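*Asks:* Work the whole structure out from these sequences, hints included.
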Amino acid sequence: MSDHDASCSGGCTRRTVMKAAGATLGAAAFAKAIAPLTEWKPAESVDAFLQKHYKELSEAEMAVIITRLEAEAKAQHGVAVHITDPKPEEGVQFAYALNLSVCIGCRRCAEACHVENNHDRASHNSYIRVFEMEQGSLDLAKGSASYDHPVPQPGKYYMPVQCHHCDNAPCTKVCPVEATWKEKDGIVVVDYNWCIGCRYCEAACPYHARRFNWQKPEIPAAEITTEQGYLSNRVRPQGVMEKCTFCLHRTRSGRLPACLEACPTGARVFGNLADPASEIRWVLENKRVFILKEDLGTRPRFFYFFSK
Amino acid sequence: MSTLVPARPASPLRSALALARQAFAWATDGGPLFYTWMTVLTAVALVGVNAWAEQTVHGMGVTGMGDHVSWGLYISNFTFFVGVAAAAVMMVIPAYLYHDHELHDAVIVGELLAIAAITICLLSVTVDLGRPDRFWHLMPVVGRFNWPLSMLTWDVIVLNGYLGLNVTICGYLLWCRWNGVVPRKSFYLPFVFLSIVWAVSIHTVTAFLYCGLGGRPFWNTALLAPRFLASAFVAGPAFIIVALMVLQRLGGYPFGDRPIGFLVRLVRITALINLFMLAAECFTALYAGSTHAASLRYLLFGEHGAHALVPWFWSAVALNVIAAGLFLWPGLLRHRGLLAAACVMTFVGIWIEKGMGLIIPGFIPSTLHEVVEFTPTVTEWKITLGVIAGGLLVYTLLLKIALPILSGWTPGMSVGVPELDSQHRELFTRLNRLVAAIRAGRGSADVAPVLAFLDDYTREHFADEERVMERAGYPALAEHRAQHAGFCAELVRLRERLAAPGADREELAGHLHLHLRDWLVRHIIGADRAYAAHLEKKP
Numbered sequence: 001m002s003d004h005d006a007s008c009s010g011g012c013t014r015r016t017v018m019k020a021a022g023a024t025l026g027a028a029a030f031a032k033a034i035a036p037l038t039e040w041k042p043a044e045s046v047d048a049f050l051q052k053h054y055k056e057l058s059e060a061e062m063a064v065i066i067t068r069l070e071a072e073a074k075a076q077h078g079v080a081v082h083i084t085d086p087k088p089e090e091g092v093q094f095a096y097a098l099n100l101s102v103c104i105g106c107r108r109c110a111e112a113c114h115v116e117n118n119h120d121r122a123s124h125n126s127y128i129r130v131f132e133m134e135q136g137s138l139d140l141a142k143g144s145a146s147y148d149h150p151v152p153q154p155g156k157y158y159m160p161v162q163c164h165h166c167d168n169a170p171c172t173k174v175c176p177v178e179a180t181w182k183e184k185d186g187i188v189v190v191d192y193n194w195c196i197g198c199r200y201c202e203a204a205c206p207y208h209a210r211r212f213n214w215q216k217p218e219i220p221a222a223e224i225t226t227e228q229g230y231l232s233n234r235v236r237p238q239g240v241m242e243k244c245t246f247c248l249h250r251t252r253s254g255r256l257p258a259c260l261e262a263c264p265t266g267a268r269v270f271g272n273l274a275d276p277a278s279e280i281r282w283v284l285e286n287k288r289v290f291i292l293k294e295d296l297g298t299r300p301r302f303f304y305f306f307s308k
Numbered sequence: 001m002s003t004l005v006p007a008r009p010a011s012p013l014r015s016a017l018a019l020a021r022q023a024f025a026w027a028t029d030g031g032p033l034f035y036t037w038m039t040v041l042t043a044v045a046l047v048g049v050n051a052w053a054e055q056t057v058h059g060m061g062v063t064g065m066g067d068h069v070s071w072g073l074y075i076s077n078f079t080f081f082v083g084v085a086a087a088a089v090m091m092v093i094p095a096y097l098y099h100d101h102e103l104h105d106a107v108i109v110g111e112l113l114a115i116a117a118i119t120i121c122l123l124s125v126t127v128d129l130g131r132p133d134r135f136w137h138l139m140p141v142v143g144r145f146n147w148p149l150s151m152l153t154w155d156v157i158v159l160n161g162y163l164g165l166n167v168t169i170c171g172y173l174l175w176c177r178w179n180g181v182v183p184r185k186s187f188y189l190p191f192v193f194l195s196i197v198w199a200v201s202i203h204t205v206t207a208f209l210y211c212g213l214g215g216r217p218f219w220n221t222a223l224l225a226p227r228f229l230a231s232a233f234v235a236g237p238a239f240i241i242v243a244l245m246v247l248q249r250l251g252g253y254p255f256g257d258r259p260i261g262f263l264v265r266l267v268r269i270t271a272l273i274n275l276f277m278l279a280a281e282c283f284t285a286l287y288a289g290s291t292h293a294a295s296l297r298y299l300l301f302g303e304h305g306a307h308a309l310v311p312w313f314w315s316a317v318a319l320n321v322i323a324a325g326l327f328l329w330p331g332l333l334r335h336r337g338l339l340a341a342a343c344v345m346t347f348v349g350i351w352i353e354k355g356m357g358l359i360i361p362g363f364i365p366s367t368l369h370e371v372v373e374f375t376p377t378v379t380e381w382k383i384t385l386g387v388i389a390g391g392l393l394v395y396t397l398l399l400k401i402a403l404p405i406l407s408g409w410t411p412g413m414s415v416g417v418p419e420l421d422s423q424h425r426e427l428f429t430r431l432n433r434l435v436a437a438i439r440a441g442r443g444s445a446d447v448a449p450v451l452a453f454l455d456d457y458t459r460e461h462f463a464d465e466e467r468v469m470e471r472a473g474y475p476a477l478a479e480h481r482a483q484h485a486g487f488c489a490e491l492v493r494l495r496e497r498l499a500a501p502g503a504d505r506e507e508l509a510g511h512l513h514l515h516l517r518d519w520l521v522r523h524i525i526g527a528d529r530a531y532a533a534h535l536e537k538k539p
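Respectively, the protein sequence lines represent chains P and C. With the numbering used here, the residue at position 158 of the first sequence is 158, and numbering never jumps. With the numbering used here, the residue at position 48 of the second sequence is 48, and numbering never jumps.
Any given hint might turn out to be false.
[Stated by the list, open to error] No farther apart than 30 Å at their CA atoms in a straight line, the calculated lysine-lysine pairs in the DSBU-like style are these:
hint : chain 1 : residue 1 : chain 2 : residue 2
1    : P       : Lys19     : C       : Lys400
2    : P       : Lys216    : P       : Lys41
3    : P       : Lys41     : P       : Lys74
4    : C       : Lys382    : P       : Lys32
5    : C       : Lys185    : P       : Lys32
6    : P       : Lys41     : C       : Lys382
7    : C       : Lys382    : P       : Lys216
8    : P       : Lys184    : P       : Lys32
9    : P       : Lys87     : P       : Lys55
10   : P       : Lys41     : P       : Lys52
11   : P       : Lys55     : P       : Lys41
12   : C       : Lys400    : C       : Lys185
13   : P       : Lys216    : P       : Lys52
14   : P       : Lys19     : C       : Lys382
15   : P       : Lys182    : P       : Lys87
[As the list claims (entries may be wrong)] Sample of chain P residues lacking proximity to chain C, with all beta carbon distances greater than 12 Å (derived):
hint : residue
16   : Gln76
17   : Glu90
18   : Glu202
19   : Glu261
20   : Phe270
21   : Phe303
[What the hints assert, rightly or not] One side only, chain C facing chain P, incomplete, derived with CB under 8 Å:
hint : residue
22   : Asn50
23   : Arg144
24   : Thr367
In short, the hints are calculated from the structure, not lab data. Bear in mind that the values here come from a model prediction, so they are computed numbers and not experimental data. By construction, the Cβ of each residue, glycine as well, lies at the ideal position given by its N, Cα and C atoms.
*Replies:* Below you can see the structure in the form of structure tokens.
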């Protein structure tokens with residue numbers, strides 16, 4: 001015991017000094033390591049950090065949030081945007097159908113989506129991927145989304161793919177925080193202010209319909225679409241998921257999706273399944289319709305059909 | 001059980017403070033090798049922290065991931081370490097359920113590994129989040145917990161639960177030893193049973209996370225969970241074997257050959273089962289020749305001119321096959337260097353097989369059959385290595401604190417007489433030294449002095465103790481004397497067995513290490529405390 005103490009009296013102080021020096025050095029190195037975070041001035045306010053889930057917000061709370069978001073857009077992009085939060089209407093069940101016989105693969109739908117939905121310019125993001133397919137095969141493995149030549153090419157047909165707004169959606173099922181869900185009118189949406197960015201939905205989606213904001217989207221002020229929906233085309237924050245919303249800021253107030261309006265061949269049919277007189281009902285009842293990956297049981301609201 | 005009441009019942013707070021002080025000393029004291037190890041780990045961890053801070057500021061675009069391969073190195077690493085954490089159960093079952101004394105001490109090395117591995121898992125998932133600031137959305141009650149629908153919420157529950165269980169079990173047992181109290185089986189055994197089922201659940205749930213996705217045929221197989229478990233029971237034990245060898249060599253902790261032998265016998269079988277399942281998976285997918293096997297073909301041979309994962313996969317197969325062969329060889333236990341090499345090989349092999357080889361190909365080709373390859377960026381490697389270094393830091397510190405508590409005298413064993421306390425402490429030191437000498441395999445001529453050293457000291461101490469009791473007129477002196485005599489007789493028997501030709505040193509060391517040390521602990525916190533209480537009453 002005593003010699004243990006004796007051996008300690010000299011060594012311990014030196015050792016204590018060494019330990020203190022090591023701890024100081026470590027703390028300084030740690031401060032240096034997290035400096036990018038401490039020096040960062042993110043756009044997000046405390047209110048944004050504490051913001052509740054979309055479904056828990058009262059109308060008054062939503063009004064405050066929208067005012068905040070509009071002010072943020074003004075501050076960041078110098079643009080006056082108008083954000084609305086249109087709700088699903090009773091008796092409306094949206095669905096989309098695409099005529100493979102007339103699509104020419106011009107990608108104008110994808111381009112319209114890119115502009116309408118305020119996508120990041122550099123990555124040329126869009127919710128629609130157009131595949132150039134081999135005549136005689138429905139095998140996507142033989143298709144290509146990266147074609148770069150005049151269209152249509154002989155021996156090819158074209159198949160745009162976007163969110164199928166599945167009734168049995170794998171993406172909403174897997175979300176750990178209920179940040180994505182299916183609305184009453186059939187549209188699958190994301191609460192950009194609730195998503196934690198785990199990307200489980202992106203892994204679950206069989207249609208490659210979901211996109212992640214790998215960085216803060218960059219759009220020149222003049223190109224920003226200013227009529228924005230809270231759940232749809234407002235400029236998304238960094239690090240969250242996004243997806244096609246059937247342009248709900250347009251379609252919920254009687255307009256058509258941007259991709260449909262841009263289509264030069266009339267390949268796209270959008271409408272209300274609950275309305276027996278709608279064009280979409282007529283197509284689904286009278287045309288040869290097929291569903292992509294029907295075997296997965298996802299029950300999409302997006303259909304492909306042929307003219308004859 | 002009034003005899004177990006401490007002589008001076010220390011308040012739990014005082015005892016905890018003393019433990020914290022001692023733990024700090026243990027955790028920060030060591031040789032040059034220890035300081036080098038800790039400095040390197042800290043440096044790597046800090047580089048990782050810095051890279052993560054950059055990633056949080058600039059976005060996940062700094063990684064090699066994209067909308068095609070949307071999970072990469074982080075989730076691969078996560079998946080692998082869930083397996084390492086689950087593997088602790090392979091030692092818990094024999095140690096607690098079947099009272100296998102061989103694993104008595106080694107089991108804590110496995111349980112603490114589970115804690116460190118879960119730390120790595122939780123960190124890996126955190127660094128993969130696009131919005132780490134919103135982690136609270138994932139908490140039940142305050143956030144919106146999509147349970148039971150989302151398998152990720154199940155994973156949150158099982159991983160944190162497993163962490164809690166292991167912290168509770170290890171913490172309770174160490175706390176009892178520190179305070180010199182006999183652990184109550186009725187308290188900790190239910191947790192132990194629960195942790196066994198739970199260990200299987202963490203890997204099953206993690207497999208379900210992937211195999212439940214119908215849109216990803218590469219993962220959508222019922223064999224995934226069994227494969228996860230089989231590979232976990234290769235990689236985990238392999239790590240523990242190396243940890244035991246390092247601790248024995250550098251820390252001087254006498255675990256002996258038996259736990260290592262047990263683990264080698266285990267890996268011998270699990271390594272083969274794992275390879276068999278991989279082969280079964282390959283056959284099923286490739287023989288039918290459907291497009292659903294596209295990911296596997298990409299992994300094995302490359303597709304459409306893309307073959308970034310092919311060398312990874314075949315390296316993993318080669319490492320696992322060679323290691324499995326080495327484990328089958330009966331002589332492996334005698335060649336420690338080769339054993340360590342086999343463990344490292346299979347650990348790396350499974351890391352590739354279950355990470356790069358399982359998570360990445362799930363995304364290649366994409367669900368729309370586009371082939372976009374994945375290469376981790378420097379940032380991703382920095383963060384991944386930082387996370388692993390963080391886990392190793394946690395593991396090292398836990399071991400530095402837990403092992404001294406388990407193998408020596410603790411203040412909780414105090415009998416209130418400083419001289420006797422210091423003698424008790426010395427007894428543990430000499431006992432451990434003897435075990436180490438026997439295990440070192442030197443001739444009986446070398447062991448004899450160490451044994452005599454312990455023997456003399458024991459007799460001296462017992463005589464001192466008995467004198468104190470005599471003076472105080474302790475009524476149970478006769479019984480206490482008998483216990484002392486029993487221990488001395490045990491030492492005599494040990495000397496005879498050691499001298500006998502062909503003595504099984506390993507068995508003797510194990511006996512000494514576990515039975516005599518346990519006897520000493522029980523004797524001190526039982527019989528010795530009783531006389532201490534008597535002394536207290538009669539100053």
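*Asks:* Now tell me if each hint is right for this structure.
*Replies:* Against the structure, the hints:
In summary, the hint linking Lys19/P to Lys400/C is supported, as the alpha carbons are separated by about 16 Å, within the 30 Å threshold. Between Lys216/P and Lys41/P the alpha-carbon distance is near 14 Å, which keeps this suggested pair within the 30 Å criterion. Using a Cα cut-off of 30 Å, the hinted pair Lys41/P and Lys74/P holds, with the two alpha carbons roughly 17 Å apart. Distance check on the hinted pair: Lys382/C and Lys32/P sit about 16 Å apart at the alpha-carbon level, within 30 Å; holds.
Proximity of Lys185/C to Lys32/P is assessed by CA-CA distance (about 48 Å); at most 30 Å being required, the pair is judged violated. For the given pair, Lys41/P sits about 24 Å from Lys382/C by alpha-carbon distance, which is consistent with the 30 Å threshold. Proximity of Lys382/C to Lys216/P is assessed by CA-CA distance (about 23 Å); at most 30 Å being required, the pair is judged to hold. Between the alpha carbons of Lys184/P and Lys32/P the distance comes to roughly 50 Å, so the proposed pair goes past 30 Å and is violated.
About 12 Å separates the Cα atoms of Lys87/P and Lys55/P, which keeps this hinted pair within 30 Å; it holds. About 22 Å separates the Cα atoms of Lys41/P and Lys52/P, which keeps this hinted pair within 30 Å; it holds. For the given pair, Lys55/P sits about 29 Å from Lys41/P by alpha-carbon distance, which is consistent with the 30 Å threshold. Distance check on the hinted pair: Lys400/C and Lys185/C sit about 25 Å apart at the alpha-carbon level, within 30 Å; holds.
Distance check on the hinted pair: Lys216/P and Lys52/P sit about 22 Å apart at the alpha-carbon level, within 30 Å; holds. Of the pairs offered as hints, the one joining Lys19/P and Lys382/C holds, with about 27 Å between alpha carbons and a cut-off of 30 Å not exceeded. A distance of roughly 12 Å separates the Cα atoms of Lys182/P and Lys87/P; the hinted pair therefore holds under the 30 Å criterion. The Cβ of Gln76/P lies farther than 12 Å from every Cβ of chain C, with a closest approach of about 15 Å, so its non-interface assignment holds.
Every Cβ of chain C is farther than 12 Å from the Cβ of Glu90/P; the closest lies at roughly 26 Å, confirming the non-interface assignment. Consistency note on Glu202/P: stated as away from chain C, yet its beta-carbon is not over 12 Å from all of that chain's, at 4 Å minimum. For Glu261/P, the non-interface assignment is confirmed: its Cβ lies about 25 Å from the closest Cβ of chain C, beyond the 12 Å cut-off. Once the 12 Å rule is applied to beta carbons, Phe270/P is consistent with being away from chain C; the minimum gap is 22 Å.
Non-interface call for Phe303/P relative to chain C: holds, since the shortest CB-CB distance, roughly 17 Å, exceeds 12 Å. Taken as an interface hint, Asn50/C checks out: its beta carbon lies about 4 Å from the nearest beta carbon of chain P, inside 8 Å. Of the supplied interface hints, the one on Arg144/C holds, with its beta-carbon coming within about 4 Å of a beta-carbon of chain P, less than 8 Å. Interface hint status for Thr367/C: upheld, as the beta-carbon distance to the closest one in chain P is roughly 5 Å, under 8 Å.
When held up to the earlier numbered hints, the structure conflicts with 5, 8, 18 and fits the remainder.
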